[in-house]
Each structure stands twice: as structure tokens, then as C-alpha cells.
Amino acid sequence: AQTVTQSQPEMSVQEAETVTLSCTYDTSESDYYLFWYKQPPSRQMILVIRQEAYKQQNATENRFSVNFQKAAKSFSLKISDSQLGDAAMYFCAYRIYRDDKIIFGKGTRLHILP
Amino acid sequence: GAVVSQHPSWVICKSGTSVKIECRSLDFQATTMFWYRQFPKQSLMLMATSNEGSKATYEQGVEKDKFLINHASLTLSTLTVTSAHPEDSSFYICSGTGHYEQYFGPGTRLTVT
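So the sequences go chain by chain: A and B.
First residue of the first sequence: 238, per our numbering; consecutive thereafter.
First residue of the second sequence: 1438, per our numbering; consecutive thereafter.
Careful: at least some of the hints might be erroneous.
As a list, the in silico DSS-like pairs of lysine-lysine whose alpha-carbon atoms are at most 30 Å apart [unchecked claim]:
#1 A:338 to A:315
#2 A:343 to B:1457
#3 A:315 to B:1478
#4 A:292 to B:1451
#5 B:1457 to A:307
#6 B:1501 to A:343
#7 B:1503 to A:338
#8 B:1501 to B:1478
#9 A:315 to A:292
#10 A:310 to B:1501
Just so you know, the hints here were simulated from the structure itself, not pulled from any lab data.
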């Protein structure tokens, strides 16, 4: 069975600093997607970044980047120049190619300290 | 990006009554929609997968007779919580599969008194 593990229930970072959120997953599939979603207090789910497993290059979206280690089944999110608006719950998620179903980790609550 | 709406955003109902939540894809056709439940400070738990024109597929442990899902068109799926009880109080989120990703609705807060 596929599982997604986020070992950090909460993290804090000083504004303008860099923070890394950890995620590991377990799967026997070779073709899949990995995602990081942000859920701010409004509770609207927002896609932050997506990584296709077949791509070796790490995905990047402005201040957000990932460190994808396929062999280690690790998928961490780095947020650079943290801003107050980055404060939210962050969910790591997984989906296999042939299925639309997404499996979420338990989430990491990120606090930004002014 | 594509937009998914949910209605209502917040509903309060009495124990024993039924409540319907609508999920609409506004600018794309969603062959597949998903329904999630989220308790406070917890992750999203997938309840069921809804395919247009066919019966929903429920996750293990989800009562299909209690949570009725209908996906009558490519832009509308509904979740009906039947004979609601206080333990059904939760935040319900739907999502629709678009061309490249899943798009999430803003959620519906259900409070059963």
C-alpha cells in the first residue's frame, strides 16, 4: 500500500529565512506524481509544486523548490525567503499515473515568525 | 487555473436530518470527482471517488448508505449526508480531475446539532 509520511507536525521559521519540510513515501510503483499542497486558514487547497517521478530534475516554482530523491523515496520542500503569507498547513501527496486518486500525508503546520 | 465551487460553504442541521452538498466544476468537465473529509488539524481523508454516470466507489470504512454520492453530469457531483449525527460534523472538500491536476473546492463546514 502506498503511504506518505510527514514527520514534522509543526515547524517555525523566521521571516526571510529558508525552511525545509520533509516527506517520505512508500510505493512499489515506478510511475507516479508527487505534490506539495498548501492549506492556509481559509482551508482552500492550493497546489504549490508538482514533480513527475520520471524526471530527475527537481521542480522549482519561484521561492519553492523540491529535493526529490527517488531511490530514497524522499520528497522535501524548500521555501526560500519565507514570507508571512507562507504560514499554512503543508501536505505532501502522491498519485500514481494510472489513477487520479491522491494520497495525502498528515501535514506540517508552518509558522512564520516576524 | 480551473475553478471548483461548493455549496453551501457552511451548513448547520439538526440530528436526524439529511443535508446535500454540491460540488461544481465551473470551467472544465470533471469525469472524476473526489470527496474528502477533514477533521480539525488533520489531513484530508478520501471518502469516495465519483465517476460521471456511474456508482461511486467508497473507501474502506465509509458508509455508502450514509454518504450518498451522485455524479449526474460532468460538472456536478453531490454528497448527501443522510440521518446526520453530531459525529458527522466535519469539513467536506470535493475535487475534480482536470487536464493536468486535481482542482479543489473551497470546502463545506457541516455542523450537526
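We went through each hint and held it up to the structure:
1. Annotation: proposed proximity of residue 338 (chain A) to residue 315 (chain A) holds, straight-line Cα distance about 25 Å (limit 30 Å).
2. Straight-line distance between C-alpha atoms of residue 343 (chain A) and residue 1457 (chain B) comes to about 27 Å, which keeps the hinted pair within the 30 Å bound.
3. Of the pairs offered as hints, the one joining residue 315 (chain A) and residue 1478 (chain B) holds, with about 22 Å between alpha carbons and a cut-off of 30 Å not exceeded.
4. Using a Cα cut-off of 30 Å, the hinted pair residue 292 (chain A) and residue 1451 (chain B) is violated, with the two alpha carbons roughly 51 Å apart.
5. Between residue 1457 (chain B) and residue 307 (chain A) the alpha-carbon distance is near 42 Å, which puts this suggested pair outside the 30 Å criterion.
6. For the hint linking residue 1501 (chain B) to residue 343 (chain A), the alpha-carbon distance of about 25 Å falls within 30 Å, and the restraint holds.
7. Simply put, residue 1503 (chain B) and residue 338 (chain A) have alpha-carbon atoms about 22 Å apart, close enough for the 30 Å limit, and the pair holds.
8. A distance of roughly 25 Å separates the Cα atoms of residue 1501 (chain B) and residue 1478 (chain B); the hinted pair therefore holds under the 30 Å criterion.
9. The suggested pairing of residue 315 (chain A) with residue 292 (chain A) holds, with an alpha-carbon distance near 18 Å, which does not exceed 30 Å.
10. As the CA atoms of residue 310 (chain A) and residue 1501 (chain B) are separated by approximately 34 Å, the hinted pair breaks the 30 Å bound.
Hints 4, 5 and 10 from the earlier list are contradicted by this structure; the remaining hints agree with it.
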